[in-house]
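Participant: Got chain A sorted already, so can you dock chains B, C and D onto it with the hints?
Listed in order, the protein sequences are those of chains A, B, C and D. Residue numbering for the first sequence follows my numbering, starting at 29 and increasing by one per position. Residue numbering for the second sequence follows my numbering, starting at 29 and increasing by one per position. Residue numbering for the third sequence follows my numbering, starting at 51 and increasing by one per position. Residue numbering for the fourth sequence follows my numbering, starting at 51 and increasing by one per position.
Be aware that a few hints might be false.
With a straight-line cut-off of 30 Å between C-alpha atoms, the simulated DSS-like cross-links for lysine-lysine are [said to hold, decoys possible]:
(1) B:Lys135 / B:Lys97
(2) B:Lys177 / B:Lys135
(3) A:Lys153 / B:Lys135
(4) B:Lys153 / A:Lys177
(5) A:Lys166 / C:Lys62
(6) C:Lys102 / A:Lys177
(7) B:Lys166 / D:Lys85
(8) C:Lys54 / A:Lys153
(9) B:Lys97 / D:Lys102
(10) D:Lys102 / B:Lys166
(11) C:Lys102 / A:Lys153
(12) D:Lys85 / B:Lys177
(13) B:Lys135 / A:Lys97
(14) A:Lys166 / C:Lys102
(15) A:Lys135 / B:Lys97
(16) B:Lys135 / A:Lys166
(17) A:Lys97 / B:Lys166
What the hints contain is simulated information worked out from the structure, not anything from laboratory work. Given the structure is predicted, the values throughout are model-derived calculations rather than measurements.
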Amino acid sequence: MTVQVQTADFDVAAELAAMRTASADIGAVVSFIGQVRDINDGDAVSTLTLEHYPGMTERALEQIEQEAKSRWNISGSLIIHRVGMLQPLEQIVLVAVASAHRGEAFKACEFIMDYLKTQAPFWKKESTPDGERWVEAKISDDEAQSRWKQS
Amino acid sequence: MTVQVQTADFDVAAELAAMRTASADIGAVVSFIGQVRDINDGDAVSTLTLEHYPGMTERALEQIEQEAKSRWNISGSLIIHRVGMLQPLEQIVLVAVASAHRGEAFKACEFIMDYLKTQAPFWKKESTPDGERWVEAKISDDEAQSRWKQS
Amino acid sequence: MNIKILYFARIKESVNYSTEDIVLPADVSNINTLKNYLAGRGEVWADLFNGKQTIRAAINHELVDDMMAINDGDEVAFFPPVTGG
Amino acid sequence: MNIKILYFARIKESVNYSTEDIVLPADVSNINTLKNYLAGRGEVWADLFNGKQTIRAAINHELVDDMMAINDGDEVAFFPPVTGG
Numbered sequence: 029m030t031v032q033v034q035t036a037d038f039d040v041a042a043e044l045a046a047m048r049t050a051s052a053d054i055g056a057v058v059s060f061i062g063q064v065r066d067i068n069d070g071d072a073v074s075t076l077t078l079e080h081y082p083g084m085t086e087r088a089l090e091q092i093e094q095e096a097k098s099r100w101n102i103s104g105s106l107i108i109h110r111v112g113m114l115q116p117l118e119q120i121v122l123v124a125v126a127s128a129h130r131g132e133a134f135k136a137c138e139f140i141m142d143y144l145k146t147q148a149p150f151w152k153k154e155s156t157p158d159g160e161r162w163v164e165a166k167i168s169d170d171e172a173q174s175r176w177k178q179s
Numbered sequence: 029m030t031v032q033v034q035t036a037d038f039d040v041a042a043e044l045a046a047m048r049t050a051s052a053d054i055g056a057v058v059s060f061i062g063q064v065r066d067i068n069d070g071d072a073v074s075t076l077t078l079e080h081y082p083g084m085t086e087r088a089l090e091q092i093e094q095e096a097k098s099r100w101n102i103s104g105s106l107i108i109h110r111v112g113m114l115q116p117l118e119q120i121v122l123v124a125v126a127s128a129h130r131g132e133a134f135k136a137c138e139f140i141m142d143y144l145k146t147q148a149p150f151w152k153k154e155s156t157p158d159g160e161r162w163v164e165a166k167i168s169d170d171e172a173q174s175r176w177k178q179s
Numbered sequence: 051m052n053i054k055i056l057y058f059a060r061i062k063e064s065v066n067y068s069t070e071d072i073v074l075p076a077d078v079s080n081i082n083t084l085k086n087y088l089a090g091r092g093e094v095w096a097d098l099f100n101g102k103q104t105i106r107a108a109i110n111h112e113l114v115d116d117m118m119a120i121n122d123g124d125e126v127a128f129f130p131p132v133t134g135g
Numbered sequence: 051m052n053i054k055i056l057y058f059a060r061i062k063e064s065v066n067y068s069t070e071d072i073v074l075p076a077d078v079s080n081i082n083t084l085k086n087y088l089a090g091r092g093e094v095w096a097d098l099f100n101g102k103q104t105i106r107a108a109i110n111h112e113l114v115d116d117m118m119a120i121n122d123g124d125e126v127a128f129f130p131p132v133t134g135g
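Bound-form chain A, shown alone (with noise of 0.2 Å):
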């Protein structure tokens, strides 16, 4: 169970590798990397900048990271969050789960990614070229959050 939240470029080979042998009983790693696309909402980006509520996020994400694991047989995750100035092609986030069977790694991933995009205090804002504006929150990804509420 790890959080980093960082402006430094991360290395996903490193990290998956030490997920992966943290232990021979692992059978399935799943990861999400995210990055920032060139255009959104039809306008072209030119850069991305996140910002953060420090102290904040990272508790949230390892909330996220508890929950997940409340829920699921896994082995370990990993969440890696970017702030800061950010251009086209950079990464974002990794978020990666260990498991013994790839089913519970599957869903523990979608549901550590859905709760972030809903729960921790990242701000997008991006310039295009009509200036600068704030990422308006998604209605999807409200619902894609509420698919894993239990009853």
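Facilitator: Just chains B, C and D, lined up with the frame of chain A:
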């Protein structure tokens, strides 16, 4: 859409970077890495040997990728599967899917793995302290695949 | 009571504050009454806190709803719906 | 007609063949009748092809069911349920 069946190991970092940077329209890359576990059904596993059906294997994997592409809006996909003799902690398979948005990438990646597990002609033989044995197919894999059946 | 308030993203830009320490009037006891109080500061504040915009709140790094009580020494944060990932 | 048959994994080990070219009798026209024909070769073959074990079949690299017709020149393969990934 790429398929590789090989004895050599693969470089996850290079493969994911190539997939991710193929287009600045890609926002999400979901990947699955499968590796050899040192225990299966309660017995220690010292080596795993993967047999396959050359010719049919590649065709089956290509068909699975095509089916995934027809169901979801994905930008690219990759399947690398190793054959021959492997040790615990060695990588067996990499499946990666790139898409503009994460939901489709998650679904397509898990779909490809579930179909690969039941449709692609690979067979695993384990060496244990009691000798060699062929791995039995799991009903849970058939169930995982049947979730994706379309009426 | 004394609390600290933090503002983020477009809310921070609108109010031109990132943080303030304030002494709350006696009738401000939860997030909802704090929002009403802030809305009384002028047009920019009213636009943000009159309930027409979705403004999320956290107390001491936990997301909370509008009925959550505020206690002396709390760190309260207001921000738009999150957009990371 | 003439066909090629391939065997894989534990089936290959049981029959001690990986491949054979055979001329089919006139009454063998699909996977089901081919399995019955092979089951007549002796005990090892009967154990495999009498229908009690799950044996998958492919014709020309496509998974098929037992009713699929076999044509001259086909490559037919028999194997256990797959276990890759």
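Participant: Hint by hint, which ones does the structure fall short of?
Facilitator: Numbers 4 and 9, in rising order.
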